[in-house]
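*Asks:* Sequences are here, hints too, so could you generate the full structure?
The sequence shown begins at 66 in this note's numbering and counts up one residue at a time.
Hints were generated in silico from the structure; no laboratory data involved.
The beta carbon of each residue, even a glycine, is placed where N, CA and C say it ideally should be.
Here are the computed lysine to any residue pairs in the SDA-like style, where the Cα-Cα straight-line distance is at most 25 angstroms:
1. Lys89 <-> Glu179
2. Lys89 <-> Gly153
3. Lys69 <-> Leu112
4. Lys162 <-> Ile137
5. Lys160 <-> Arg146
6. Lys89 <-> Thr164
7. Lys162 <-> Leu122
8. Lys89 <-> Val79
9. Lys160 <-> Leu87
10. Lys89 <-> Arg118
11. Lys89 <-> Glu76
12. Lys162 <-> Ile116
13. Lys69 <-> Glu124
14. Lys162 <-> Leu68
15. Lys160 <-> Arg170
16. Lys89 <-> Leu122
17. Lys160 <-> Pro77
18. Lys89 <-> Gln171
19. Lys160 <-> Arg86
20. Lys162 <-> Leu107
21. Lys69 <-> Glu174
22. Lys89 <-> Leu163
23. Lys69 <-> Arg170
24. Lys162 <-> Pro93
25. Lys89 <-> Ala140
26. Lys69 <-> Arg126
27. Lys162 <-> Glu136
28. Lys160 <-> Val80
29. Lys89 <-> Gln119
30. Lys89 <-> Ala101
Restraint-style ranges between C-beta atoms, simulated for each label pair:
31. Asn147 <-> Ser198: 31 to 39 angstroms
32. Glu143 <-> Ser198: 35 to 43 angstroms
33. Glu200 <-> Gln151: 39 to 47 angstroms
34. Val150 <-> Pro105: 38 to 46 angstroms
35. Pro190 <-> Asn166: 38 to 46 angstroms
36. Gln110 <-> Asn166: 22 to 30 angstroms
37. Val70 <-> Leu201: 30 to 38 angstroms
38. Asn166 <-> Gly117: 23 to 31 angstroms
39. Asn71 <-> Glu196: 28 to 36 angstroms
40. Leu100 <-> Ala123: 28 to 36 angstroms
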Amino acid sequence: MNLKVNGEPLEPAVVEREYQRLLKTLGPRLGPEELARRAPALQRQALEHAIGRQLLLAEARRREIRAPEEEIAHAVAELARNCGVQAGFQAHLRKLKLTENELRRQIGEARQIELLVAQVTADCPPPGEAEISAELKEQ
66 MNLKVNGEPL EPAVVEREYQ RLLKTLGPRL GPEELARRAP ALQRQALEHA
116 IGRQLLLAEA RRREIRAPEE EIAHAVAELA RNCGVQAGFQ AHLRKLKLTE
166 NELRRQIGEA RQIELLVAQV TADCPPPGEA EISAELKEQ
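*Replies:* This is the structure in structure tokens:
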């Protein structure tokens with residue numbers, strides 16, 4: 066499957082990572098049979114998330130929004146510290162099937178998206194109590 070978003074390739078591994086994240090999040094609540102039943106919808110949702118993420122990153126780059134390197138380094142150091150020793154951190158990376166550079170890239174991209182959203186919503190007033198209640202009733 067050769068997917069492109071705004072002319073840029075969308076790697077199948079990105080969609081698969083998103084799908085695995087959904088399975089990990091929903092698995093404990095739904096159980097294997099329900100996950101299997103919902104697999105097509107979850108795969109579609111994973112694809113939509115991956116496309117959305119790629120679009121947000123493209124917009125962040127267009128606006129020249131960069132994640133500060135010191136923030137990325139701090140986040141990696143914090144994760145390593147939470148793992149205890151360096152060997153624990155390396156084991157955690159292997160479990161995630163990531164290299165440290167891939168982890169840094171993912172952290173940087175997540176931060177870019179956060180900064181983009183903050184920039185776009187900076188002038189938006191927070192919703193009031195009535196708006197929140199109305200939204201919750203619709204769901």
